[in-house]
Each structure stands twice: as C-alpha cells, then as structure tokens.
Amino acid sequence: MSGKNEDLISCSVNGKTISVPKNTSAIKAFKIAEQDIAHYCYHPGLSVAGCCRLCMIEIEGNPRTQIACNTMVTEGMKINNQSKQIKEDVQWGLDFHLLNHPLDCPICDQAGECGLQDQYMKFGQYKPDMNQKKVKKAKVVSLGEKIVLDSERCILCSRCVRFTDEVSKTHELGIFNRGDKSEVGTFNGKELNNDYALNTVDICPVGALTSKDFRFKQRVWYLKKAEAICTGCSTGCSIYLDYNEEGFFRVRPKPNEDNNSYWMCDEGRDLYQHLNKEKRLVKVYPSKKVSTSNFAVSSSSSSSSSSSSSSSKKAIKYLKSELENIKDSTKIGVLVTGQYSVEDYKEFFSVLKEKNSINQIYHWFDQKNSKNDFDDLLIRGDKNPNTKGLLEVAKDMSLKVIDSSELKNTASNLEILIVLGPEYKKFFSTIDEKLEYFKQALQVFYFSSVKLDSLDSISNVTQIPLQSLVERGGTYINYKGLKQKLSILPQVIPKILSFSQIAKVLNGEKIQLEPLFLKTQPVKDNQFSFQKN
Amino acid sequence: MFTISEKTKKFITKEVSRYETKRSAIIPCLFELQKDNQGWISNDCIESLSQFMDIPSKDINEVFHFYTMFNKKSVGDFHIQVCCNISCHMNGGLDLFKVLSDEFKIEKNGVSKDSLAISKVECLGSCGTAPMMQVNEKYYENLTKDKAIQVIKDLIASKKTN
Ligand code: SF4
Ligand code: SF4
Ligand code: FES
Ligand code: FES
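Residue numbers (our numbering), protein chains in the order written: chain A, 1 to 533; chain B, 1001 to 1162.
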C-alpha cells in the first residue's frame, strides 16, 4: 500500500477521524478505527455477500441504515453504529439468526470460538421475543473424510460456499431450498474432500462445519495458541498451533498477506501429530555394532525417556570418537534434508567442518514431485520448508552440495554416514531407496525428531532423537526467500538435546543436562470475559 | 446418465447466447429439460446439464431447489396443478384439490395407480375463470368438482385408447 496522500481519504467512524486507502469498505474502516462491528458473512479473504445483515451502520446524510461490508467509504463520510436504532437492528438480526438455531452448545465443537455465541454476548438483546417452533434440519451429515455438517447450526452466511467457489475453485458446496428451509450441502452426495477443505471449518462462524480430526478432542478454552510456520512444503504457511499440557491438538492458518493469505492446505494440518509423543523418536536406538562395543546403553536406562539425554550424550560422544578415528574425511558422509532451520545447519555443519574437515554434504531432496510443482494456490512440490536456507548456509560455509542419488556410487566407501532425516516423513517418497544406501555404509547415525520404524531392522543404524521444530525454533527461508522465525515452544518430550548441545558434545565441551526442561503452564485463566453491560 | 436431446441442446446454446452470463440461462434450460424428462428433473439431468453448460452442478441445483415449478420427483403421465391462490381459493380451489386427491387416490408427493400426481400451486394468471387447474401444459377453467373429475377421467381414458 503506498502512503501517498492522494491515495488516502479521510472519514470518521464513531466520531474517530481516520485516513483509509481509496476503495476501502466501511466494515474495513471500522477495523482500522478499532471499533466493534457485528458481522458474520463478511470475510476479508472472500467476496462480499451482504447476506447476514448484521453490520448495520448509519451514514450522516443518508436517511436509512445500511450494511457496512457492501458500502465503500468516500471522502468525509461520517459513519457510526452507536445509535439506539442500529443497536436494535443488530439485536433483531441476531434473534433472527437464532430463530432456527438448535442451541446445542454443550455438544457443539465450536463452543468457545463460536461467532454466534461471541456476537450474541456482545450485541444481543438477551430477552428474545421469539416463540416460534424451530425448523428441523439435517444433523451429523458426513461431507467426506474430513468434515461433518450440522445444518441446524448453520446461519447461512455463505462463507463456506464462497470459499469453494472463489478460493479452492472446487464448487462442492451450495445453499439449496429457500427461506427457513435453506440448507448448506453438496450436490448428489459429492464429498468435500478438496486439498483445502478444512479452511471452511475455520471460516464457518458457528459449529455447522467441524473437523472430524479435531472434534470432541478438546474444549477450545483449554487450549493455548502459539504462532509457528508449517513445514509441510516450501510455502511455509504461517500457522497457529493449539496446545496444552497434554500435547498439540490442531493447526490453523494464521493470516499472512505476504504468504498464505488466510488459508493453508489440509495436509499441513497433520503437522501437530508429528510434534506429539506418539510419532516422536524419544530415545536412542543403538545399532547392533554399538551395543556390543564399549558404548553401553543398558536396556533399563535407555527405555525411560528421562535418561534419553544422557544416552544421547553417550551416543554422540561415541560418534565423536568414531569420527576422530577416521583420517580420510571422504569416508564420512553427511546426508541432509531441508527440514531444519538455518541456525541448526550452521551449528551442526560448523563443528563437522572444523573438527572433521567435512567439505561436502549430500542433499536429500528427491521425491515424487519436482521442485517446481505448484498447485496455483499454496501447495508446492518441494516438501521441505527450508531448502533455500540449507543451500544458503552450505554456500556461506563453502560446502559442496551433492545430490543424494550420488550415494548410489559412494555409500559403500563410507565408514560413517550422518543423517539429518525428514521430520515429516509422509512427504518423502524415496525413503526406501535411502535405506538401501544406509545398509551399504559401515555405520549410520540417524538424527530426527520423528520415529521411522523401518530403521529398526537395519543393524548398522543408530537413531538419535532431536527436538521437534517448535522445540528448536530458528529461521526458515521459503521458496521465494521469505525469512520466517519460529519461536521456541515448551517441550513435549523433556531432556532431548538441542542442536547447540549436540554441537558442543561433538566439540568435546561439557554440557548441562538439566535446564532445558521447560514445563508447560497449565491453562488456568478460562473465565468468561463477557458480561452484560 | 441422462442424455440431452439434440433439440434441447440447440435450445440451450441459443438461450445461453442471449445473456451476459451462462448462469442466467439456467431457469429456461431447466424448463426445457423438465419437458424432455417426463415433467421432472433428476440428479442425472442436472449432472448432464452441468456438463453441457460447463457450470458446477451445485450452482444448477441451487436454482433448481429454489423454485417450486421444477419437480423433484416423477409426476406420472398427468401432473395436476390446482390453483389455490386467492381468487381460486375463494371459489373452492382447496376443495377441488381435496376432491381430486380422494377420488383418484393420489398421495402428496406420490404418483397414483393411474399415473397421476397432484400439487397446489399459486396464481396461474387465470383468476377471471376461477377455480382452475392446469394438467401438464393445458388449462381447465371455470371448474366444478364434477367437471374436474370428468376432465381427469377423460384424460385417463384417452391414454388407454392411445
Ligand atoms: S456452514 Fe458455516 S460457513 Fe457455511 S453458510 Fe453455514 S454458517 Fe456459513
Ligand atoms: S501449502 Fe505447504 S506450507 Fe502451506 S500448509 Fe500446506 S504443506 Fe504447509
Ligand atoms: S457482514 Fe455485512 S451483511 Fe454480513
Ligand atoms: S388465483 Fe387461481 S389463477 Fe389466479
């Protein structure tokens, strides 16, 4: 947006004078002026529908009230929504929305983040004058693998319909019948399974569309949200991770105009599972060779996660001594995926370079999709969040980058192969091919935060756990060079070594094991903040 | 899959060319299709029309469900539409509807043994000759109960002789 004065116009919202760009709708002006305005159907990422009739305003000089989402601000316009007339309009509007609403909040997954609840608490009249019977509609309609529809809860804002028409362009949803019989649905049993379908759950202001994966797992007021990025592909959508002391529960897109707008793909929503205990590599799995050597990880201590840091430390110390025994650095291979942060790479590579004269890395990229694949919305063929970052770090440190397919020729010469494995293994379609290379090298040290079961049967592989991406934090550079920084969240699995600790051990320095453990704060403050008047 | 007749295809192409957007032609096209398919529209019909017009099927379904003059189920050989709007109502339209339903044992939303279907409709623009009804494409005006029953009996008979 340019700041040139001729592109700005001034107007006043509830008496507050503001400047807004030309072609700003009145509802946006309310947001800019930080004034409350009721609305359901308006969504900044979709076209204007003007069907909920809640965003009522008065414009000085106009005799009648009108809606804000479909009104463009003009120079000097004086808008307000504070009069008694407007307040009554909104109250009645809300009561009409509730006319056929089942009010089954106790069993509705949206409760706590429901537009109907929130807006009624803010703008409602609390003593409804309606006594008509409610129209019964379809409940628990499965719309495919991911989404459930409850038509009675739907307030017919048409956001979901506009999403499938305008954003995913898949046209599954429509509003059928009319008047109070109107219902959202798909035609002829078609399923809502497009790659972006779960965004309709996010934008549905009520509990009409809910996610099969998330529903009934948690009440949303017991969740905290943290900002992060999705590492499912090189787009690196901005996301919210919802979590509490029991773990991570869901992923939602965080609006980011420079990158993913208001959306994310459905595949990326699985990210949270890879952060939880069930999918994690929680302890060292020593190779057959290691367990018979002097690296003693007794079975009793290695099975409990509390000792995973000391066994990791032992495993890395062992790696250090093995590396020191190899005089010819071409006998050491380093195989890296683009799933780690710039800081992780720097830390890890610099110690290997300094201590072991490593001057080349194998880049594990190959997967079924090509790097340039793009679905014209968000999903990219490069399933690594930080390919750019990896290549930049390698360049800065003058490390030669070799395609991992070259291991076909070199793996059998390697005495040690160090791997920074995928963290989102579903996206790596060539894992089996890599396992063949692993078998050819003398010893493999495989680092990852995610457990890859097929490694267990390979006798020369030692698996060492890493912190998950949100435990490590760091900078990721997406396909177009956008740098995004991940902040560090509480650890799901305590006492896993960080990259800098690993680097220190490799460097022969002492490390403190304890202070890393950050316990999550229980979510206590869930009191309602709404009070009438 | 339902196949759209060549004649209807021509109609659709011509109709579409009359409007700024293809969507505007959905109503006349549905009417034409309804005639092609014995007076009602099936999901198959909508699917075919969607393919031919290159409009998402749900868009057509939205229009289809909004209007009552498209039939969602088979209406048999004879679709009796009894006007029950003001003028006809005042002149016994509702009675006419009940008498015909009983006489020929036609259930709501169903098709009778004689392949009859019946519905109440709003004003058909023939108030001066109330009460009236429309059977398929034809108007029958200034009706009495007996007259109406006779009309239907004749229609059933005419079908048998054909
Ligand atoms: S299902 Fe939700 S998003 Fe879709 S129209 Fe209904 S209330 Fe709006
Ligand atoms: S498009 Fe890529 S970055 Fe965005 S949510 Fe999907 S997988 Fe994640
Ligand atoms: S937000 Fe303006 S009419 Fe719905
Ligand atoms: S009221 Fe029946 S034709 Fe007008």
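Hints should not be assumed to be uniformly reliable.
Computed cross-link-like contacts, DSBU-like style, restricted to lysine-lysine with a CA-CA straight-line distance of at most 30 angstroms [as the list claims (entries may be wrong)]: (1) A:Lys190 with B:Lys1147; (2) A:Lys133 with B:Lys1072; (3) A:Lys504 with A:Lys313; (4) B:Lys1108 with A:Lys190; (5) A:Lys134 with B:Lys1035.
Restraint ranges, calculated between C-beta atoms of paired labels, are given here [as the list claims (entries may be wrong)]: (6) B:Tyr1019 with A:Asp376: 23 to 31 angstroms; (7) B:Met1001 with A:Lys133: 48 to 56 angstroms; (8) B:Tyr1067 with A:Lys133: 48 to 56 angstroms; (9) A:Gly76 with B:Arg1018: 20 to 28 angstroms.
Treat the hints as calculated values from the structure; they're not laboratory data.
Each residue gets a CB set at the ideal place from its N, CA and C atoms; glycine is no exception.
Going down the list of hints, with the structure as the test:
no., hint, in the structure
1, A:Lys190 with B:Lys1147, "47 angstroms, violated"
2, A:Lys133 with B:Lys1072, "26 angstroms, holds"
3, A:Lys504 with A:Lys313, "10 angstroms, holds"
4, B:Lys1108 with A:Lys190, "29 angstroms, holds"
5, A:Lys134 with B:Lys1035, "37 angstroms, violated"
6, B:Tyr1019 with A:Asp376: 23 to 31 angstroms, "29 angstroms, holds"
7, B:Met1001 with A:Lys133: 48 to 56 angstroms, "41 angstroms, violated"
8, B:Tyr1067 with A:Lys133: 48 to 56 angstroms, "26 angstroms, violated"
9, A:Gly76 with B:Arg1018: 20 to 28 angstroms, "43 angstroms, violated"
Hints 1, 5, 7, 8 and 9 from the earlier list are contradicted by this structure; the remaining hints agree with it.
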